[in-house]
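J.: Dock chain R against the given chain P, drawing on the hints supplied.
Which chain is which? The protein sequence lines are P and R, in order.
For the first sequence, full-length UniProt numbering begins at 1 and goes up steadily by one.
For the second sequence, full-length UniProt numbering begins at 1 and goes up steadily by one.
Derived by calculation from the structure, the hints in this document are not laboratory data.
Owing to the predicted nature of the structure, the values given are computational and were not obtained by experimental measurement.
Watch out, some of these pointers could steer you wrong.
Same chains, same label: a pair holds when it works inside one copy or across any pair of copies.
The list that follows gives simulated cross-link-like pairs (lysine to aspartate or glutamate, EDC-like), each with its CA atoms no further than 20 angstroms apart [unchecked claim]:
no.	residue 1	residue 2
1	K267	D224
2	K126	D174
3	K126	D177
4	K267	D94
5	K267	D228
6	K130	D238
7	K130	D177
8	K130	D94
9	K267	D234
10	K126	D36
11	K130	E272
12	K130	D90
13	K267	E279
14	K126	D234
15	K126	D91
16	K126	D162
There are 2 protein chains.
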Amino acid sequence: MRDFRHDHSALALNTATLGHNVPGAGAGWSPERTIDACAERGITGIVFWRREIEGRACAIGARARAAGLSVVGLCRSPFLVGPLAPQRHDDIADDFRRAIDQTAELGADVLTIVTGGVQPGTKGVKDSLKIVAEYVANAVPFAAAVDVRLALEPLHPVYGGDRSCLTTTRDALDLCDLIDADNLGVAIDVYHVWWDTDLPRQLGRAGNRIFGFHLCDWLARTSDVLLDRGMMGDGVADLRALRSAVEDAGYAGFCEVEIFSANNWWKRDPGEVLDVMTERFRSVC
Amino acid sequence: MRDFRHDHSALALNTATLGHNVPGAGAGWSPERTIDACAERGITGIVFWRREIEGRACAIGARARAAGLSVVGLCRSPFLVGPLAPQRHDDIADDFRRAIDQTAELGADVLTIVTGGVQPGTKGVKDSLKIVAEYVANAVPFAAAVDVRLALEPLHPVYGGDRSCLTTTRDALDLCDLIDADNLGVAIDVYHVWWDTDLPRQLGRAGNRIFGFHLCDWLARTSDVLLDRGMMGDGVADLRALRSAVEDAGYAGFCEVEIFSANNWWKRDPGEVLDVMTERFRSVC
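In isolation and in its complexed conformation, chain P is listed as follows (with noise of 0.2 angstroms):
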């Protein structure tokens, strides 16, 4: 297992962390600011947000290799099922290229894949699931074409009926079998993985196919299951023993921190909060 009490150099900034998603949270920074506000800190991997990155995508990309940083990833592929993906199957296929293309332009390594809900009409996650890995074996080839890598991200079963029918990393990994391809594999969150006493055997078949390492920490009485995240540390998950378990299976990449958290960082200077996730890297991860 690394040791990263005296280095943060596998540390990537996810911008959530910062609450760009929230007019007035983050204190509305931009990506060049956010871009130097890592370099100056030393965390050298950033992940963006395709609102983030609209129209901008190649320039950004380059301010933040420039800067001597990675650009780690991009949020997200739009939700493929479910109440709230688009309504029409062209609106859905056609996004999940652009988000594509927008990770080609960044020059980010991948595109994170939230699948969406419980497609309407359906009940329990079986026909979804077969829908998700219909959409994601037609876009494996379009993002081999232009060399970008897909994240299966399995999501907390909480959002099992609107934002992600794929709840386990053992579903996601069933559908990394199916599909087969070598740029699609599976992003592990900690806030959605935690509790979940089966992962380090799910994680041991998972070969090269883990993707991204996402951490924050799970409150043991969280008040939102969206926005009430924690800072690693503050919470109940293990994280030591989570990165342990990601490292066996022989993950040695980045490990990002996405925190939504409206009512404590987001209320933050994000220099502070920038400064405390470095800290906490360090100590308690």
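T.: Here is chain R on its own, set in the frame of chain P:
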């Protein structure tokens, strides 16, 4: 698979469905009035909560049986671990034994165990599950002596932090294997397990250890993970597939409707709720 289209003799009411938890909800029906309302509708199973039968367990059990009802279960053990558990070990063990005695006095078949969340001072679920195993192993012979069965209920992973470090059927059956007692089994609640594609495989190892099957529904866009459960048919759980899985595993007992619904069903007339749940049991379960 049993055919319930013209037969609801396997239907049981968990009194929580009528809003007993909340002052003013459920029109404050007494256990006796609830028993009579069930009997009038041919609902022949009932599950109480401890607060409802406190000091009157024997009388209420006798009254239910006189009305033709089986008392299927009692809710529930104290939290054994986590931030909501009593502070002192002895208080937890004493209250656990008291719950077992009340189950026997009531003449109920099963006491449900809800484990509680992650033990303060620990990370992840592993240490907490060990503590749970100790409490349960100690309680098992005590329960056997008064002819009470104990059902470990895995709760949805959203409760992992505070209410249940036990979040999957897999973990619950692992605990059963570890303790290995005839009067220890599991309760399967569709709210908690609907997303779990591993469920059929797990139930395949359950044998005769399924002590309960609970019905409600998971609303696709749920507004509250504690008090916004759906009536059967209003959500995205594949209720028929779930019942098929427990019945394939050998379960032939009651199907217990347990709906916490502060802003919908608890605001309605309890008689209407009983009528709707009976109709839905026949039409969608």
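J.: Classify it for me, K267 with E279: is the Cα-Cα distance of at most 20 angstroms met within a copy, between copies, both or neither?
T.: within (19 angstroms within a copy, 49 angstroms between copies)
J.: Evaluate K130 and D177 at a C-alpha cut-off of 20 angstroms and name the case that applies: within, between, both or neither.
T.: Only inside one copy: K130 and D177 sit 13 angstroms apart there, 34 angstroms across copies, limit 20 angstroms.
J.: With identical chains treated as interchangeable, where does the CA-CA distance between K126 and D91 reach 20 angstroms or less: within a copy, between copies, both, or neither?
T.: neither (23 angstroms within a copy, 44 angstroms between copies)
J.: Classify it for me, K130 with D90: is the Cα-Cα distance of at most 20 angstroms met within a copy, between copies, both or neither?
T.: Classified as within; 17 angstroms inside a copy, 51 angstroms across copies.
J.: How would you classify K130 and D94 at a CA-CA limit of 20 angstroms: within, between, both, or neither?
T.: Within one copy, since 19 angstroms is at most 20 angstroms while 50 angstroms is not.
J.: With identical chains, the pair K130 and D238 could be close in the same copy or across copies; at 20 angstroms between alpha carbons, which is it: within, between, both, or neither?
T.: between (32 angstroms within a copy, 15 angstroms between copies)
J.: Within a copy, between copies, both or neither: where do K126 and D36 come within 20 angstroms Cα-Cα?
T.: Classified as neither; 45 angstroms inside a copy, 41 angstroms across copies.
J.: Given a CA cutoff of 20 angstroms, do K267 and D94 count as a within-copy pair, a between-copy pair, both, or neither?
T.: neither (36 angstroms within a copy, 45 angstroms between copies)
J.: Please sort K126 with D234 into within, between, both or neither, judging by C-alpha distance up to 20 angstroms.
T.: The answer is between: 18 angstroms across copies meets 20 angstroms, while 35 angstroms in one copy does not.
J.: 20 angstroms Cα cut-off: does K130 pair with E272 within a copy, between copies, both or neither?
T.: neither (44 angstroms within a copy, 38 angstroms between copies)
J.: When Cα atoms must be at most 20 angstroms apart, do K267 and D224 count as within-copy, between-copy, both, or neither?
T.: Intra 16 angstroms, inter 24 angstroms, cutoff 20 angstroms: intra-copy only.
J.: Between the shortest in-copy and the shortest cross-copy C-alpha distance, which are at most 20 angstroms for K267 and D234: within, between, both, or neither?
T.: within (17 angstroms within a copy, 37 angstroms between copies)
The structure fails hints 4, 10, 11, 15 (numbered hints given earlier, in ascending order).
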